[in-house]
Amino acid sequence: QKEVEQNSGPLSVPEGAIASLNCTYSDRGSQSFFWYRQYSGKSPELIMSIYSNGDKEDGRFTAQLNKASQYVSLLIRDSQPSDSATYLCAVSGRSNYQLIWGAGTKLIIKP
Amino acid sequence: GAVVSQHPSWVICKSGTSVKIECRSLDFQATTMFWYRQFPKQSLMLMATSNEGSKATYEQGVEKDKFLINHASLTLSTLTVTSAHPEDSSFYICSAASPSGGAGETQYFGPGTRLLVL
Chain H
1 QKEVEQNSGP
11 LSVPEGAIAS
21 LNCTYSDRGS
31 QSFFWYRQYS
41 GKSPELIMSI
51 YSNGDKEDGR
61 FTAQLNKASQ
71 YVSLLIRDSQ
81 PSDSATYLCA
91 VSGRSNYQLI
101 WGAGTKLIIK
111 P
Chain U
112 GAVVSQHPSW
122 VICKSGTSVK
132 IECRSLDFQA
142 TTMFWYRQFP
152 KQSLMLMATS
162 NEGSKATYEQ
172 GVEKDKFLIN
182 HASLTLSTLT
192 VTSAHPEDSS
202 FYICSAASPS
212 GGAGETQYFG
222 PGTRLLVL
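Sequence lines, in order, name chains H and U. Position 89 of the first sequence, counting from 1, maps to 89 under our numbering, and the rest follow consecutively. If you want our numbering, it's the position in the second sequence, counting the first as 1, plus 111.
Just chain U, same shape as in the assembly:
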């Protein structure tokens, strides 16, 4: 249980193009999904929190017009990197929150999407 898929796993694009990444919770409904970015040998960095049916909440320093997030259903959230540039090359990982037995929810991660912008 608690499986999260992400597509695509790898994408290479030219500078200036837009890239869409999909995150799906396969066997549970996730009211909240999270998008992270991780540069090589660095920690996870939370980019935004996505709630179904409402606007995403972005972390400080993350441009909401550049990283468009749509959480259209309880099982699907998408991240679109608009006008991508080489500095956007990174490992993008989504997670979906599933109710746990404790006081909060447990985050389950997708396999990640590696983006390379040329």
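Isolated chain H, as found in the complex:
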């Protein structure tokens, strides 16, 4: 059974601090890794994708991938109250371009 694990939270972070979200996956053959943000009552929106080991930065967001440890993380610098949402980690499966989803981590940024 291929799995993607996330801490459900809630993770509470003060405004302006760095929020660190973590995800582990079980399938060593996974090639693509994604972070989505989902606000309450809305559909998920893509934040970052990462395919190679190391860091990938986009504005305040940094995705980190370590395939040897089967670990992917998302760092949010200078956290804002508008970053409060559920963050979903998704990992590629091996067929039909499906994604295997984590259950999500609820992030709360406190002013």
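Don't read these hints as lab results, they were simulated from the structure. Glycine residues also receive a C-beta, built at the ideal position from the N, C-alpha and C atoms. One or more of the hints may lead you astray.
To be verified - Cβ-Cβ distance ranges computed for the label pairs, FRET-style:
1. U:Q171 - H:E15: 36 to 46 Å
2. U:G164 - H:G16: 45 to 55 Å
3. U:A113 - H:N22: 19 to 29 Å
4. U:C124 - H:G29: 34 to 44 Å
5. U:Q171 - H:A103: 30 to 40 Å
6. H:D27 - U:G172: 32 to 42 Å
7. U:A183 - H:S20: 36 to 46 Å
8. U:P222 - H:E15: 19 to 29 Å
9. U:E170 - H:G9: 33 to 43 Å
10. U:S116 - H:K67: 30 to 40 Å
11. H:E57 - U:T128: 44 to 54 Å
12. H:P81 - U:P222: 20 to 30 Å
Unchecked claim - Some chain U residues judged to face chain H by a derived CB distance under 7 Å, without partners named:
13. T143
14. S154
15. L155
16. I204
17. A208
18. E216
19. T217
20. F220
21. P222
22. G223
Given the coordinates of chain H, work out where chain U should sit on it, guided by the hints.
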């Protein structure tokens, strides 16, 4: 780029009626579309994978005769909930796969359709 629309955004219907939901990729061609369902405070649940011109692949436990999927073109997939019942009330979300720079494809989500069956 990579915009996905969904229509309608809200639907309320009587028990026993059928409801059709449309999912369109507006600025790219999507050979694969996905249909998800999400109940309040729960995770996304993949219902089916839809490939243009072929039959959809349904996840275990999803009734293919109840949730009819048609992927008639590279930009349009429809989900029809037949003989809807109150337990079908949920948030239905589609996504469309667009080729990405990596090893696979990136899924872009529509805004979702909230279905309430009375």
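Status of the hints after comparison with the structure:
{"no.": "1", "hint": "U:Q171 - H:E15: 36 to 46 Å", "in the structure": "holds (43 Å)"}
{"no.": "2", "hint": "U:G164 - H:G16: 45 to 55 Å", "in the structure": "holds (51 Å)"}
{"no.": "3", "hint": "U:A113 - H:N22: 19 to 29 Å", "in the structure": "holds (27 Å)"}
{"no.": "4", "hint": "U:C124 - H:G29: 34 to 44 Å", "in the structure": "holds (43 Å)"}
{"no.": "5", "hint": "U:Q171 - H:A103: 30 to 40 Å", "in the structure": "violated (18 Å)"}
{"no.": "6", "hint": "H:D27 - U:G172: 32 to 42 Å", "in the structure": "violated (22 Å)"}
{"no.": "7", "hint": "U:A183 - H:S20: 36 to 46 Å", "in the structure": "holds (44 Å)"}
{"no.": "8", "hint": "U:P222 - H:E15: 19 to 29 Å", "in the structure": "holds (28 Å)"}
{"no.": "9", "hint": "U:E170 - H:G9: 33 to 43 Å", "in the structure": "violated (26 Å)"}
{"no.": "10", "hint": "U:S116 - H:K67: 30 to 40 Å", "in the structure": "holds (35 Å)"}
{"no.": "11", "hint": "H:E57 - U:T128: 44 to 54 Å", "in the structure": "holds (49 Å)"}
{"no.": "12", "hint": "H:P81 - U:P222: 20 to 30 Å", "in the structure": "holds (23 Å)"}
{"no.": "13", "hint": "T143", "in the structure": "holds (5 Å)"}
{"no.": "14", "hint": "S154", "in the structure": "holds (5 Å)"}
{"no.": "15", "hint": "L155", "in the structure": "holds (5 Å)"}
{"no.": "16", "hint": "I204", "in the structure": "holds (5 Å)"}
{"no.": "17", "hint": "A208", "in the structure": "holds (5 Å)"}
{"no.": "18", "hint": "E216", "in the structure": "holds (4 Å)"}
{"no.": "19", "hint": "T217", "in the structure": "holds (6 Å)"}
{"no.": "20", "hint": "F220", "in the structure": "holds (4 Å)"}
{"no.": "21", "hint": "P222", "in the structure": "holds (5 Å)"}
{"no.": "22", "hint": "G223", "in the structure": "holds (4 Å)"}
In this structure, the hints that do not hold are numbers 5, 6 and 9, in rising order.
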